[in-house]
Amino acid sequence: MNELEAYRANIEKLADLESKEVFGNGKAEHAMVIFETFFKRAKENIVIFCKDLSEKVFNSDNLISLAEDALRRKARVTILTQSDPKSDKFVAACSRWKEEKLPITMRVSKPGSSASSTTANFAVMDRKAYRFEPNREEKTAFACMNNESACATLLGVFSRLELEQPA
Amino acid sequence: MIREYLQSHWNTLGGENFIALCTGVNLALLSWKQFQERLRHAEIRLEEKLASTGASIADAQRIVKLHRLSKWLHNQLRWCGKVLWPVIYLLAIVMTVFGFGMLYTKSSCPFDFLLLLPVLLLLAWSWFSLAVFAIWLGFVRKGILVFSTAADQKSAETAIRDFASSTEIRQIPKSSSRPAPKRKRNQN
Numbered sequence: 001m002n003e004l005e006a007y008r009a010n011i012e013k014l015a016d017l018e019s020k021e022v023f024g025n026g027k028a029e030h031a032m033v034i035f036e037t038f039f040k041r042a043k044e045n046i047v048i049f050c051k052d053l054s055e056k057v058f059n060s061d062n063l064i065s066l067a068e069d070a071l072r073r074k075a076r077v078t079i080l081t082q083s084d085p086k087s088d089k090f091v092a093a094c095s096r097w098k099e100e101k102l103p104i105t106m107r108v109s110k111p112g113s114s115a116s117s118t119t120a121n122f123a124v125m126d127r128k129a130y131r132f133e134p135n136r137e138e139k140t141a142f143a144c145m146n147n148e149s150a151c152a153t154l155l156g157v158f159s160r161l162e163l164e165q166p167a
Numbered sequence: 168m169i170r171e172y173l174q175s176h177w178n179t180l181g182g183e184n185f186i187a188l189c190t191g192v193n194l195a196l197l198s199w200k201q202f203q204e205r206l207r208h209a210e211i212r213l214e215e216k217l218a219s220t221g222a223s224i225a226d227a228q229r230i231v232k233l234h235r236l237s238k239w240l241h242n243q244l245r246w247c248g249k250v251l252w253p254v255i256y257l258l259a260i261v262m263t264v265f266g267f268g269m270l271y272t273k274s275s276c277p278f279d280f281l282l283l284l285p286v287l288l289l290l291a292w293s294w295f296s297l298a299v300f301a302i303w304l305g306f307v308r309k310g311i312l313v314f315s316t317a318a319d320q321k322s323a324e325t326a327i328r329d330f331a332s333s334t335e336i337r338q339i340p341k342s343s344s345r346p347a348p349k350r351k352r353n354q355n
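Protein chains in written order, with the working numbering: chain L, 1 to 167; chain S, 168 to 355.
Rather than coming from a laboratory, the hints here were simulated on the basis of the structure. Yeah, the Cβ is synthetic: ideal placement off N, Cα and C, and Gly gets one too. If a hint is listed, it holds; no wrong ones were tucked in.
Listed below are the simulated BS3-like cross-link pairs for lysine-lysine, each with C-alpha atoms no more than 27 Å apart in a straight line:
{"id": "1", "chain 1": "L", "residue 1": "Lys98", "chain 2": "L", "residue 2": "Lys128"}
{"id": "2", "chain 1": "L", "residue 1": "Lys40", "chain 2": "L", "residue 2": "Lys101"}
{"id": "3", "chain 1": "S", "residue 1": "Lys321", "chain 2": "L", "residue 2": "Lys51"}
{"id": "4", "chain 1": "L", "residue 1": "Lys27", "chain 2": "S", "residue 2": "Lys321"}
{"id": "5", "chain 1": "L", "residue 1": "Lys40", "chain 2": "L", "residue 2": "Lys56"}
{"id": "6", "chain 1": "S", "residue 1": "Lys321", "chain 2": "L", "residue 2": "Lys13"}
{"id": "7", "chain 1": "L", "residue 1": "Lys51", "chain 2": "L", "residue 2": "Lys86"}
{"id": "8", "chain 1": "L", "residue 1": "Lys86", "chain 2": "L", "residue 2": "Lys56"}
{"id": "9", "chain 1": "L", "residue 1": "Lys128", "chain 2": "S", "residue 2": "Lys321"}
{"id": "10", "chain 1": "S", "residue 1": "Lys321", "chain 2": "L", "residue 2": "Lys139"}
{"id": "11", "chain 1": "L", "residue 1": "Lys51", "chain 2": "L", "residue 2": "Lys128"}
{"id": "12", "chain 1": "L", "residue 1": "Lys89", "chain 2": "L", "residue 2": "Lys139"}
{"id": "13", "chain 1": "L", "residue 1": "Lys128", "chain 2": "L", "residue 2": "Lys27"}
{"id": "14", "chain 1": "S", "residue 1": "Lys321", "chain 2": "L", "residue 2": "Lys20"}
Covered by chain S, per the in silico footprint, the following chain L stretches (three or more residues, Cβ under 8 Å):
{"id": "15", "stretch": "18 to 25"}
{"id": "16", "stretch": "148 to 162"}
Could you build all of it, start to finish, from the sequences and the hints given here?
As structure tokens, this is what we get:
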């Protein structure tokens, strides 16, 4: 079992245990694993607030496939990026999913808004699991598979950031 | 005088019934189910901790196995410390006094040596538990500390709250310039 597989297994275990433990998620490949886990397990919704849908994270075929599975299970995916998305594969898939009327929304934040200038990024799954990156320049993200209060806080922030954006 | 005193109390308490009662209460309190539940809970916490700190599943399983026996005993010791040990030691003291009293007075009671047996068992159990507790502290805990590098829950939640409050403050002038953003968004 390589390091990434072990990491994935550990995250699955924490999710199964509904653990409140916080774990590190700074590396791009670790971020990819947690997004895959979110898409794999989402029942209701996933919100993602990130810089530009990094290729290292979102260009994974497995992640795109899991995202599609989530959408077909009617889990709503809402993505707000701070600048134009870089992951060509994921963006192309998004366009396809939108045409199929799957429940996905992807927007780029308005220049000058709070969303475009904040250095923090985050994602929330089912109001329960989150990934939070206080400062994306420092690569010090952490995540937790079961913390409803932290997720509620992040979802509140996401709503505010979304409200700033043009329709 | 002592002999009469001890014999009268021994007869009052009812000798063998007293021993049977003590042993029965002890076994009932140390029931397997109680400890199984506590053990499982402890194992889950350990697995969580190990997984959150990046230890491989194999590492986690190995440590959980090593942890199992010592944690079980540690739990019973902790629980006993709160509830049972005062009772056990009180009983042990009382029974030792009675036991030695019987031996000293050369009483005709047929339970002279049996009387000491539960006391010895209880003391042996307590020392064994203490030894395993020491192992738990020294070995398994060290294993946990080796892997403990992840952020703790409180600092994580604080970071999220700080971030939330910072975005809230920055947004005040923007939201004040847009009186009813929610309704506008819903219309769209």
